[in-house]
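K.L.:
Protein sequences appear in the order of chains C and X.
Residue numbering for the first sequence follows the working numbering, starting at 1 and increasing by one per position.
Residue numbering for the second sequence follows the working numbering, starting at 319 and increasing by one per position.
These are computed hints drawn from the structure, not numbers from a lab.
Glycine included, each C-beta is placed from N, C-alpha and C at the ideal position.
Certain hints may be false.
[Claimed, not checked] Facing chain C, from chain X, some residues (calculated, C-beta under 7 Å): (1) Phe-463; (2) Pro-464; (3) Leu-467; (4) Val-470; (5) Ala-471; (6) Gly-474; (7) Ser-475; (8) Leu-531; (9) Ser-547; (10) Ser-554; (11) Gly-555; (12) Phe-558; (13) Ala-589; (14) Gly-592; (15) Leu-596.
Read off the chains here:
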Amino acid sequence: MWLYAGRRMLMTIPILIGVSIICFALVKIAPGDPVQNLLSPTASAADAARLRAAYGLDKPVVLQYLIWIGHVCVGDLGMSISDKTPVAGEVFEALGHTLVIAVISVSIALALSLIFGVIGAYRAGAVSDRAVTAMAVFGISVPPFWLAVVLVIFFSVNLGWLPATGMGPNGSEAFSYFRWSDFKYAVMPIFALALPPLGIMTRTTRSSMAEILNQDFILTLRAKGLSEAQVIRHALVNIMPQALAMFGLQLGYLIGGSVLVETVFTWPGTGYLLNKAVLTRDIPLLQGTILVLAAVFVIINLAVDLLQSLIDPRLQRS
Amino acid sequence: MANVFAGSSVAATAPKPVVQSRGYWASVWRRMRYDYVTLFCLALILIIALLAILAPEVAPMDPYKSSMAHRLKPIGYPGHWLGTDEQGRDMLSRLIYGGRVSLAMGVVPVALATLIGGLFGVTAGYFGGRVNMAIMRFMDIFFAFPSVLLAVAISGSLGGGVVNQLLTLTIVLIPPLCRVAETAASQVRTMDFVDAARSTGASTLSIVFSHVLINVLSPILVYASTLVSVSIILASGLSFLGLGVSPPTADWGLMLSTLRQSIYVRPLVSAIPGVAILVTSVAFNLLSDGLRQAMDVRQ
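Chain X with its partners taken away, still in its complex shape (with noise of 0.2 Å):
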């Protein structure tokens, strides 16, 4: 656990504790920077990220055109490499355009649910006492649900939607994060520095901002990663129930539910958005994983 404070004794002393911080992350980058498998698996996700925001431009057909006489063509096909789904929609450009939906799903909840979550644990954690009672035992009630039970719950009574579906791999997300930060900050509370500010006058709004968070950072940072991926397969799960996106609109989770009818013409066309969802998921678990060596943070 020690090296999860590096820094932070120079930081309460240091009078430019910014420029000491990044000292921090320049060491973490150079753990990093050999780490081969780790690289790979960040390049491969920024190479998914662009091909999805640049979608429009890149996508070699429009994704929602379809054409009765093209259905289910098989992978390789003539203008068509990856093949055609039920409708005849282009598969290649179908995959590349819903993977805006399926990344946003996995990136947007996670980041609500740190800011959320972390909010709330560093509060309990830092505070402690009828404060921590209040939100830790709140948050107990959530973990008496599986995961995938409580995103059906929510999601099935609220509805199908992109913003239902937001909303409630969110809440799912929330208590995990939590409890993580809360025992990042009740940790860091009992730590020297902590005091050492607090004896010197320091607010607690600063003491706060300027020795906690920045301590409790990667932690927080290195579970938020490990939660994209679930996020992802969560949320491919929902489309899969039809709690997702509506149909036309191009997701990964969707177009396998949809696909599902056609294993027995095109078995490996129907395979497809699953390859992707695997691939994204596998390179987000690695990244992680190597932020987790880089930033020397124990589970």
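Chain C on its own, in the form it takes in the complex (with noise of 0.2 Å):
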């Protein structure tokens, strides 16, 4: 086991350093001089040449990116030219609001999915079947932003049920989960995030747990008197690894994904972060939250392999 999870741990290394690179390249990419974007129009090429050397532009790539990536190491993303804050402290204020919602939405789309895929796959070919697998066609063909405005219209414009944007009437930072007045702010951006994974989860429960449903063990199971809700119960067990995979992967989409759907509820994570970089063409701060986002994504996926051996020793081998 220790063998397994240092050898996999070892294997996030290089992927780190990879997405760290794009992460770099990310800012050599954007079009435009970055120097001349900060010097006034009057400047002479002397003053562009001094600022250059302050950024440290003057040296070559190679050199620049490790002199940043030792910032990184120490917890330093730079500075956000919008607000003029340290891009860490933004992102990280961020992420905790992203993450929350992400998880709440996965946890749902998860539950459901194992729910309608069990349906699904007991009563094959039935109507029940039929309806579960259009949901989940949906789910997966609707465009989760579009979704969002809709949610809007139905329950804040027509109903009034609930409020459209924001987060609580006291801003971020006196939300509380736990109040009513404050969650409902979080209940349609939830529910909006937890239609795509519910529609991907459920095609695979239903597929998987079809294939489980055909095996001898079920026969067996079935012969010796067992219910069949105890049948389900020990078909149910054998999906759990993959049950644990689909949460991880998931969760981590929601987390880099959430930028439309929370840009339509100006919920304060790290999305609504991304579209501001992008119409503010902050790049520091659009390559921070990338960087954050990407390394988190990497961290969830290396906690579901550990976690997935841990349930499921076999995996340990390949």
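If you follow the hints, you should be able to join the two separate chains into one complex; please do so.
P.N.:
Structure, rendered in structure tokens:
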């Protein structure tokens, strides 16, 4: 176990280095000279050269990367251009807001997808199976930001039940997930985020459940007189490692992919931060946010792999 | 997996492989012919594509002609079946024109990524060893980014515009396609008919072209078809964030974004472009499901 865990952790190091190189390259592919953008139009060539040297932009690219990664390792992600505040502080505050609704969304989606997947596989071909499949296709095909807009139209504009945007009447500092007057601001973002993973996970659960229900041990269980509920319980145990993998993967996708939904609801998470960075062309903020989100995604994948090998030791051999 | 290699051993020995491979496609068509859902989706996609291509002929009005007097008219307004947008432009005409950009953003990046990703994947899978290591470890780095995040990262740095959007989507779609191609090619590599061809003295190029490519085609095509709707949704998302085509151009994602200010005035009208995206993407998803079944490819 420890050997496997150690090897698996070592494997993430080159990935993290690769991720950091891509994030570093983002600044390089951005059009326009960063120095020219900072200078006043009347500045001379000597001024430009001095500024270039001050930012270390006159050094070779490899050296620039090493200096940058050195700063990143001690938690310095640079300063955002629009707010003149450290990027790291902004990103980690926003990450908290995104993580909580993403975890709630994926948990709800996983629970429902297990129920729907079992129904679909157990009643293969029946009306309930078709309904489950249709729901899954809808979840996969719907643009999440449009779903968010439709939710706002329905629940805020027409019914007036839920607030359309923001994070609580008192802002994000005083927000509490355990108070309904605050939590109702999170309801629609959670719902809009949950539908696509629900669709994907339902499909996967349905097809693996169908496969498991066809295996011989199910026949044995039935032959020895277990009730159908007990048979399903045995089958469910068998897709738990897979359910865990789906949970991790979808959680990672939501944390990285919540840009659009958070933009519609102006939920102050990392997605909203990304949108702000894009709109104001704040490249340091964009770079820092993406680096942190990709690192979180890599760490989630690592955690899922390790947990999976704990549940199912067969996986350690491959 | 066995059926993926249908016609393969025949292709290795028959003098006219072209005729044999048509046999495979004929059998795929035979299976699809009675799958009405798939056929319906195919027809729907063809209609949407035709409308988009023939937009100048079929659109009832000029999609760029704004009219301050006719702003935000409801659905069913005389002369504007689907109402008008916030600048008084005809929604139906803009939807038809918008299909041009949105469909292109679904198909073109997938086609490009299939070519590039397929090339790298087949190379990695067929040659194995160090070549495989180098290509696949490089692709692994991109898998460390959730796809939406990667798209926003590249697009956000490059800036908006059609070309940048195409480029972004292609880059995002290459790694998954490469991985599928690699898996398929490395499975074909170990098949007996490849050994047979090699022992008869066939060159690497001719083995790859006449035996490997034809057998990795169906899994790659099926997978690529699932990516079309992913690409459409990603593209509309980028447009929604202002990273796609620039404003006057009709595009479903951009229309949703500009109409968002009007949801309190005309909620139904402002939701229409999303319906177009949803219908197109459902049709592509169901079509690729049908293709998967007809070609008998397992995920």
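K.L.:
None of the hints should be skipped; say for each whether it holds.
P.N.:
Hints and how they fare:
1. Phe-463: 5 Å, holds
2. Pro-464: 3 Å, holds
3. Leu-467: Constraint on Leu-467 (chain X) satisfied, holds at 3 Å.
4. Val-470: Interface hint status for Val-470 (chain X): holds (6 Å vs cutoff 7 Å).
5. Ala-471: 5 Å, holds
6. Gly-474: 4 Å, holds
7. Ser-475: Holds: closest Cβ of chain C sits about 4 Å from Ser-475 (chain X), inside 7 Å.
8. Leu-531: Nearest chain C Cβ about 28 Å off; hint violated.
9. Ser-547: Hint holds; Ser-547 (chain X) Cβ to chain C Cβ min 6 Å, cut 7 Å.
10. Ser-554: For Ser-554 (chain X), the interface hint holds, since the closest Cβ of chain C sits about 6 Å away, which is under 7 Å.
11. Gly-555: Since chain C brings a Cβ to about 5 Å from Gly-555 (chain X), closer than 7 Å, the hint holds.
12. Phe-558: 5 Å, holds
13. Ala-589: 6 Å, holds
14. Gly-592: 3 Å, holds
15. Leu-596: 6 Å, holds
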